[in-house]
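Protein chains: 2
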Amino acid sequence: MGPTETLAQFVVDTHLRDIPSKAVEISKLVILDVLGVTLAAARQPVARILNEYLRECGAAPKAGVIGSELRTDTALAAWANGSLAFVLDFDDNIHGSTHIVPAALAIGEGNNATGATLLEAYILGRDICFRLDAALDAGRRKNQGGPTSRGWFAGGTTGSLAAAAAAGKVLGLNAQQMATAFGIAASGAGGVRRNFGTMAKALQTGNAARNGVTAAVLAQKGFSADQTILEAPMGFASALCLEGECDWDALTKDLGKFFYMEQLPPIKRFPTCTPAHRPIEGFLALRQQHGFTAEDIESVESDFHLRSLSRTDPQEAIAGPNSMPFILAIALLDGKVTLEQFTDEKIHDPRVRAAMTKVRHRPNERRPGQMEPPDRITVKLKNGAVHTIEVAERATLKTTTEIYAKYMSCATMTLSRTRAEQLGQLIDQLENVPDIAVLMTCMNGDELTID
Amino acid sequence: MGPTETLAQFVVDTHLRDIPSKAVEISKLVILDVLGVTLAAARQPVARILNEYLRECGAAPKAGVIGSELRTDTALAAWANGSLAFVLDFDDNIHGSTHIVPAALAIGEGNNATGATLLEAYILGRDICFRLDAALDAGRRKNQGGPTSRGWFAGGTTGSLAAAAAAGKVLGLNAQQMATAFGIAASGAGGVRRNFGTMAKALQTGNAARNGVTAAVLAQKGFSADQTILEAPMGFASALCLEGECDWDALTKDLGKFFYMEQLPPIKRFPTCTPAHRPIEGFLALRQQHGFTAEDIESVESDFHLRSLSRTDPQEAIAGPNSMPFILAIALLDGKVTLEQFTDEKIHDPRVRAAMTKVRHRPNERRPGQMEPPDRITVKLKNGAVHTIEVAERATLKTTTEIYAKYMSCATMTLSRTRAEQLGQLIDQLENVPDIAVLMTCMNGDELTID
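Chains as they are written, first to last, in our numbering: chain S, 1 to 451; chain G, 452 to 902.
No lab work stands behind these hints, which were simulated from the structure alone. The beta carbon of each residue, even a glycine, is placed where N, CA and C say it ideally should be. Among the hints, a few may not be true.
Claimed, not checked - Among the chain S residues that face chain G by a calculated CB cut under 10 Å, a handful are: (1) Arg43; (2) Leu306; (3) Ile318.
Claimed, not checked - Listed next, the stretches of chain S that the computed footprint assigns to chain G, with coverage defined by at least 3 CB atoms under 8 Å from CB atoms of chain G: (4) 113-125; (5) 148-155; (6) 384-394.
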């Protein structure tokens, strides 16, 4: 049995009862986190454009668009919600929920799935996601090779197959249909990192969610595709990876014995692309230690991590999370980096623009054999003092309390506190929810006003 | 001005009056050819599944699905028609019309575009398509490197951007919006050659057509994307190509001075993937020269061209055009290779299966410095005779009469002869058609019965 078939069979044969309760508990937290992030994004300009587009499509109202009154076809709902989930770059920093949750949610809502089915589909989809990335992007860890290092965005590429796994699980596909769904999903898998810092970034996870839903539905209807798409010549790995770049063992190692969701993925503390997190922490720590203010500062030096954070001159709010000058400028002015600061007003605020000129790029020196050197932040003050800090670890949210607090602050940007709490309770009890349509009742409809 | 912006500006600034009349005349023939092929495909199983799917989506009826009574949203119509256009692998063998025509047609129908606009959009989209492939797949011609040689399918990758160019031209985007549309289209560009010989193959051009339409519409609505997506680090070429693999000059060389549609692309004579054409010709020539029949034959040897024709054991009709054993078996039994032979019955016919066992793979030997060696076909007869032929050129359809005859034989598989002739006349006069909705009147509706 080849890898594609092995993974397909695994997804089909595995049920919630086979999954460790730790994975279930962690998954509920991560789903809560991404729903909060999606709800917050529903107030962004990208949501207005997508909703206008969906209204013009005029599809049958089968599944809700999060944070609006819109209902549309399942594939389009997955597309919209999958896009919204990644608008803010505030989902867990391994990325996966942004396409897997919307795919499973849309097709689940359209098919009266239970909360247990949603959880099962999410955990399996996410397991496939981790495995595909571990295998196909192995070169990145080894020597900064691999598709992601060349520009492919895993959220759109492997993400399409992971979303298909989740959607296919909700639909109850058999192994042959599931392998076919992987093949169909590969026909639309794509997306590049250069779109980071634009609306199209988010569209890439939206496309993955839609690809997954469409693939699962078409496979169920008897549509055909190559059932060995991962390993076959001219297939998915062949196209994405160079000779010898794949780690095929990683694809199936401890399959069903260990579930990736047994480990909490890093839950973001800051609403920015991950490479910005350590510089933010470093700068805020220096600021606290030395008590300087914006006026005191001559310059701030940091690695801009230009591969992911290429928007050095952001012109719209959505570019903010991918712009180190902007991020450090708001940290410098406001002493914090929070969702509320990522606005078009702030991006064009002359004070922010002036602060951005103080932020300078100094690439991290990579030492031999070192995968990811610590970030080094240097603040030079007008009085001649120079403060430097190195940050090697990223502080992420780890406790239920922290994650719930982030969720509430995000969700209440769109929902009333009551609705947000209701949704939180439903996710906390997700395995007992008889029909997940009730989740969408909290997130979609005409009563989405803040208390 | 970078390459992305240069191409965007070119598409925006160029009008039908700037395009040589030869390109217009040739384009009308090629559009006619692909519409015929699409109409023939509307009677294939893949059309039934897609139509069922579209009915469930229930989108607003803005554009027609070719060969059915269905009307749906413009992006979905582009998706369906773009898929149907490539089901049969009978479009011109450079591939491009399969996604560009459906994208321009759907968005044109939804916006009451003229025939002149459709032609303009097609010629420009196709020019972009040729240029992207010349630049990004240059490695293939040099040394069998490049994205296509690794498994990417240009119809889905560069095809998405070409479809965006055509759709964006119909919508009248400005240069900034057009460059954005390229960025948005890149967010969904994908597809792999391994899906050839399955329904998902066709979905890949459908996805490209949909990507193009969605990208153009979203760009018009103010959606943002990277506007340097071709050349930027972590962008489209970076992801698809290896270091030094691109031929950047090819992208813009003689831009606006020479239009690729001034040259007739190879119009297929046989409804199979291109690498099968020379073996078919060689076998039919030997058969004619020596007058042998199926019973006389001990074996037929040919290169199977397994990179494109990997379906050695086809199980559904759609695999036929990508299966050299099947193709040569029907040539052997029937003395011809025509659309009517590619059926599920024929695929499972015991006589065909028996003939397939006589067809053997012998790879072509590639000589140093030779891009594409001639195909060599060897027929061994039971009486001991051995006949061999080498075919270096592919015979394609070149005259208007030949192309029109192919069109009529394809189109009348779905349309009445009268309707097919009507459509033919409209395409012949395309630059004078005031509203292209009239084209769809011929191809969509409840009167699609054969005389």
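Comparing the hints with the structure gives:
1. Here the hint on Arg43 of chain S is broken, as its CB sits about 17 Å from the closest CB of chain G, past 10 Å.
2. Residue-level restraint check for Leu306 of chain S holds (minimum Cβ-Cβ distance to chain G is 8 Å; threshold 10 Å).
3. This hint holds: Ile318 of chain S has a C-beta 7 Å from the nearest C-beta of chain G, less than the 10 Å allowed.
4. Counting residues of the segment 113-125 of chain S whose CB lies closer than 8 Å to any CB of chain G gives 0, so the stated coverage by that chain is violated, three being the minimum.
5. Given as covered by chain G, the segment 148-155 of chain S passes the check, having 3 residues with a CB less than 8 Å from a CB of that chain where 3 are the minimum.
6. Beta-carbon proximity to chain G at under 8 Å applies to 0 residues in the segment 384-394 of chain S; the threshold of 3 is not reached and the given coverage is violated.
Hint check: violations occur at hints 1, 4, 6; the rest are consistent with the structure.
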